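Chains as they are written, first to last, in the working numbering: chain A, 1 to 578; chain B, 1 to 578.
Read the hints as simulated data drawn from the structure, not as lab findings. Given the structure is predicted, the values throughout are model-derived calculations rather than measurements. Do not rely on the hints blindly, as some may be mistaken.
[Unchecked claim] DMTMM-like, lysine to aspartate or glutamate: derived pairs with alpha carbons at most 20 Å apart:
{"no.": "1", "chain 1": "B", "residue 1": "554", "chain 2": "A", "residue 2": "43"}
{"no.": "2", "chain 1": "A", "residue 1": "113", "chain 2": "B", "residue 2": "366"}
{"no.": "3", "chain 1": "A", "residue 1": "568", "chain 2": "A", "residue 2": "556"}
[Said to hold, decoys possible] Which bits of chain B does chain A cover? Going by a derived footprint, with three or more residues having C-beta under 8 Å, they are:
{"no.": "4", "region": "44–56"}
{"no.": "5", "region": "281–292"}
{"no.": "6", "region": "309–322"}
{"no.": "7", "region": "394–406"}
Here a beta-carbon is modelled for each residue, glycine too, at the ideal position from N, C-alpha and C.
Number of protein chains: 2
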Amino acid sequence: MDKILRIDMGAEGGPKATVSPIGAYAALGGRGLTSSIVAKEVDPLCHPLSAGNKLVIAPGLLSGSIAAMSGRISVGCKSPLTGGIKEANAGGQPSQMLARLGYAAIVLEGKPKENALYKVFINKDGVKIVEDKSLKMLSNYQVVEKMKGEFGDKVACISIGQAGEMRLPAASVAFTDMELRPTRHAGRGGVGAVMGSKGVKVIIIDDAGQPTRQPKDPEKFRAANMKFIEGLRTHAVTGQALPSYGTNVLTNIINEAGGYPTYNFKHGRFLGAAKISGETFAEIETKRGGLATHGCHTGCVIRCSGIYNDKDGHFLSKQPEYETVWSHGGNCGIDDPDKIAMLDFLDDDIGLDTIEMGATIGVAMDAGVIKFGDADGAINLIKEVGKGTPLGRIIGSGAAIAGKVFGVEKVPVVKGQALPAYDPRAVHGIGVTYATSPMGADHTAGYAVATNILKVGGEVDPLKPEGQVELSRNLQIATAAIDSTGMCIFIAFAIMDQPETFQALLDMLNAFYGLELTAEGVAELGKKILKTERHFNTRAGFSQHHDRLPGFFKTESLPPHNIIFQVKDEELDVIFNW
Amino acid sequence: MDKILRIDMGAEGGPKATVSPIGAYAALGGRGLTSSIVAKEVDPLCHPLSAGNKLVIAPGLLSGSIAAMSGRISVGCKSPLTGGIKEANAGGQPSQMLARLGYAAIVLEGKPKENALYKVFINKDGVKIVEDKSLKMLSNYQVVEKMKGEFGDKVACISIGQAGEMRLPAASVAFTDMELRPTRHAGRGGVGAVMGSKGVKVIIIDDAGQPTRQPKDPEKFRAANMKFIEGLRTHAVTGQALPSYGTNVLTNIINEAGGYPTYNFKHGRFLGAAKISGETFAEIETKRGGLATHGCHTGCVIRCSGIYNDKDGHFLSKQPEYETVWSHGGNCGIDDPDKIAMLDFLDDDIGLDTIEMGATIGVAMDAGVIKFGDADGAINLIKEVGKGTPLGRIIGSGAAIAGKVFGVEKVPVVKGQALPAYDPRAVHGIGVTYATSPMGADHTAGYAVATNILKVGGEVDPLKPEGQVELSRNLQIATAAIDSTGMCIFIAFAIMDQPETFQALLDMLNAFYGLELTAEGVAELGKKILKTERHFNTRAGFSQHHDRLPGFFKTESLPPHNIIFQVKDEELDVIFNW
Chain A
1 MDKILRIDMG AEGGPKATVS PIGAYAALGG RGLTSSIVAK EVDPLCHPLS AGNKLVIAPG
61 LLSGSIAAMS GRISVGCKSP LTGGIKEANA GGQPSQMLAR LGYAAIVLEG KPKENALYKV
121 FINKDGVKIV EDKSLKMLSN YQVVEKMKGE FGDKVACISI GQAGEMRLPA ASVAFTDMEL
181 RPTRHAGRGG VGAVMGSKGV KVIIIDDAGQ PTRQPKDPEK FRAANMKFIE GLRTHAVTGQ
241 ALPSYGTNVL TNIINEAGGY PTYNFKHGRF LGAAKISGET FAEIETKRGG LATHGCHTGC
301 VIRCSGIYND KDGHFLSKQP EYETVWSHGG NCGIDDPDKI AMLDFLDDDI GLDTIEMGAT
361 IGVAMDAGVI KFGDADGAIN LIKEVGKGTP LGRIIGSGAA IAGKVFGVEK VPVVKGQALP
421 AYDPRAVHGI GVTYATSPMG ADHTAGYAVA TNILKVGGEV DPLKPEGQVE LSRNLQIATA
481 AIDSTGMCIF IAFAIMDQPE TFQALLDMLN AFYGLELTAE GVAELGKKIL KTERHFNTRA
541 GFSQHHDRLP GFFKTESLPP HNIIFQVKDE ELDVIFNW
Chain B
1 MDKILRIDMG AEGGPKATVS PIGAYAALGG RGLTSSIVAK EVDPLCHPLS AGNKLVIAPG
61 LLSGSIAAMS GRISVGCKSP LTGGIKEANA GGQPSQMLAR LGYAAIVLEG KPKENALYKV
121 FINKDGVKIV EDKSLKMLSN YQVVEKMKGE FGDKVACISI GQAGEMRLPA ASVAFTDMEL
181 RPTRHAGRGG VGAVMGSKGV KVIIIDDAGQ PTRQPKDPEK FRAANMKFIE GLRTHAVTGQ
241 ALPSYGTNVL TNIINEAGGY PTYNFKHGRF LGAAKISGET FAEIETKRGG LATHGCHTGC
301 VIRCSGIYND KDGHFLSKQP EYETVWSHGG NCGIDDPDKI AMLDFLDDDI GLDTIEMGAT
361 IGVAMDAGVI KFGDADGAIN LIKEVGKGTP LGRIIGSGAA IAGKVFGVEK VPVVKGQALP
421 AYDPRAVHGI GVTYATSPMG ADHTAGYAVA TNILKVGGEV DPLKPEGQVE LSRNLQIATA
481 AIDSTGMCIF IAFAIMDQPE TFQALLDMLN AFYGLELTAE GVAELGKKIL KTERHFNTRA
541 GFSQHHDRLP GFFKTESLPP HNIIFQVKDE ELDVIFNW
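The following block holds chain A by itself, in its conformation from the complex (with noise of 0.2 Å):
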């Protein structure tokens, strides 16, 4: 991991490979590298689809290695969506595998000749780039199915859907899993769209051939794994919870707290809670052959994801997320297993956001296009996507853009992107990362769920404003540092109540790298992480005005609790002064 990837797609002749030392950007992997990169050099104010943007892949800095939950892969640009900075994080196969290979970061440049498509072909020997007209507008499962016919089932794949292609904002990149499917995906900020414009439809990668990265103090960094495996293991949400039910063991939990958004940010409650929480998800999966428990990568030790069949027994999607069950469930009225499990699918296949679908179809709703709870209409809307029909492109340029098209008021984005599945009245730390995050909206950005609802790494109440900004600073801070290590943000439960756990994430980087960070240098280097993202934003136009939630949580309450959101402008604007 010593090397960068960069590939000319507007080279003089066709596309062009570059292989340099990672020099300037060593020392740094994942959300660090993509950030940096993107604010080097990359102009703030370039249009996202012009040849000036990049698109950023990066392992993290223990990808590659034998560290359990080392497999998450971060994806950088100028985002088509907020036209902020992005750093998407997906887990699947080609972290690790690229890893292996020893790039540090594949960088995508410049920009092709008119609809021209291509395939790079990555292994041990190189780099190969072919036009491929006949990859024209497959859906993400359809090219890795062709790609496995052409380079057999020892890849691992990073491919766009037709979203990607045409380009639409909320455009995902998707990453296949340890069954060669693309399920795992950098979601949110229309990454896809960037690799679109970019003219690559798939990225093949093989690492037959290349051994496991080696730490340089290989004893150390063994009795470290184990430690933290052990943490891992005993820690209630990432030893019990989430092996038994997936992210989707929240629908109960955020229901009962009164913080599930329902209906387009209309209801704290979903009657329908329970007919799609991650209990009755596991009891289906379980009954119908497919999987309740399985990981996304290789070297996953919490296993929260599983596999989804049909009644009849045929695979139908992976498990679907919490946020992508909420988004598409009780956001939008909708209380049936299948079908929601069938829009995970369709948003996996054509490559789109789970989350800015969900949010999206929801102010369409509230406009009246379809009605609340209308599955077989969200359905519909998400196959027009696929069509690149009028009314599928609105849909596929996520809720911002939808909202102004069919004249909405009420928008749930911040940035231009849509809100996750967590209501910020009712949950107040994580309203502060939604409106403060330099990626827009994001719960994955500073998860204060955690310390407001599920009591991890101490206790906030989540219907006051008081220590929120407190809570959200410090989570923001420790996530882009987690983020930069390849390590799934799921880790940070069991680092959060267990200072050993934590001491032997420090012990794996410090045994592999031979360094000696301490909590105060992961810190330091989250810090660093967010100050360069958060001046690249400011070159391209952002202000403190642009860190606030959208008015109506201020002024409508949300029932149970009939509160709003309750912290001040005056407190957003002091997070990021440490």
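Start from chain A and add chain B according to the hints.
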């Protein structure tokens, strides 16, 4: 004009009108008044379609008097298109009539219950607000015809078409002309969507029994007005070019100068220009029994308007303005005057900004939705807007949104508003105005074309960056002041070249109000207005990074001069440091 009519559309029990003294807003009119009210009373971060936004309609300081050219009216609000402050300006009869009824402004506030639609009747006896379901989704021509049936043909109307009711970001507010036709539009920035969100379909104004407004010094006022008219009649632009051919006299001039944006800003000259020039339109109008010279409001002495009949001699539209002929013509590769007149009619009827529509169709053509030159396709796209289909809603949302939805990189907008009919690469001064005006790209905000191309008010080389910032600064200041007087901006041609005509304007203001206003005083007023508007925009989240042209103007050179826009960012940033 010493009172303000406020209508709270969201009042308990239904809309409620209140008339109050002008108070703190005294001595303000037109844009000065709309911008002051919006900046003081509207939360810059509110949703443009929310109850918190206000729609302010204000005649100018001299409107309702015998002063020539004083029939302009300003419409202000937070813009749904730009997200910043907006003043859109129109001619027609309502300005004079509202002024004679004594209203300095109508302010629409609050928000009615869902889907309620009202008509507002104003005469000397007061204000009547009536819900009228029969008005739903009528076009502007239809609603005005209906009001004529109810209120007779001595009234004037301010109305919205289907676009405003659908709250589309490119919706205009229509004002009737002397023939009681809805041909004069406050077009820019989506002011019609805000009127739609207030549930007001039409305002009917009847000034029967109201005398002309009387100046404090009638003798001095009358003498100044005579001098003012004399100046307008002797200037080549206001005395000859505009009366003979209307604003469309510019087609040949700008095309010859190489600054006529063609095929979505790809070229600076259009081969079909002669076929759609002002000279050609005038010939057709005269031949078919229309009018090549005509005033848009009582008291106009320039008479740059006209009436365009179809082949059978029936009214098709008013004489389309230069910017309309350009946007639907050269910008879309269309050179058929009848088709352009039909597009003009449809825009007026549905209630759409003609500049935004032409620019949006140009973007759609770049995306391949229809082909460049496809006039019937363009007509169909505008008809789709009226029908409210998904495709129509995309088009009615303007160029910036259409660019995102169709995945197009080349989108000619500043602050979300489409560039008008002058390419900034060949007319550098107007590029400075586009980039820096608080209104977004707007040629009327500081019409540097006058000095760059027409050699009015001096001479500044249009192809060079030197002197353009100073030119645009002075014009933006002067324009803000003129837009407050109710005077048509075309008086600027004469007052820039003739010191005695400018003095006559000052004398009129002084005689009317008993003031001692000097040229410096006028400049101070203009500066104060710009400062107020910019302060609002800063609080709405705008920074210097939004005072920029789209990147392609700095990277793609424009034939035939083959130059890029060369004014430096640092120079743009000092334009308001006076």
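Hint by hint, here is what the structure shows:
1. 554(B) - 43(A): Status holds; Cα separation ~13 Å.
2. 113(A) - 366(B): The hint holds at about 15 Å.
3. 568(A) - 556(A): holds (16 Å)
4. 44–56: Coverage by chain A holds here, the residue count being 7 at a Cβ distance below 8 Å.
5. 281–292: n = 0 at 8 Å, threshold three: violated.
6. 309–322: violated (count 0)
7. 394–406: holds (count 6)
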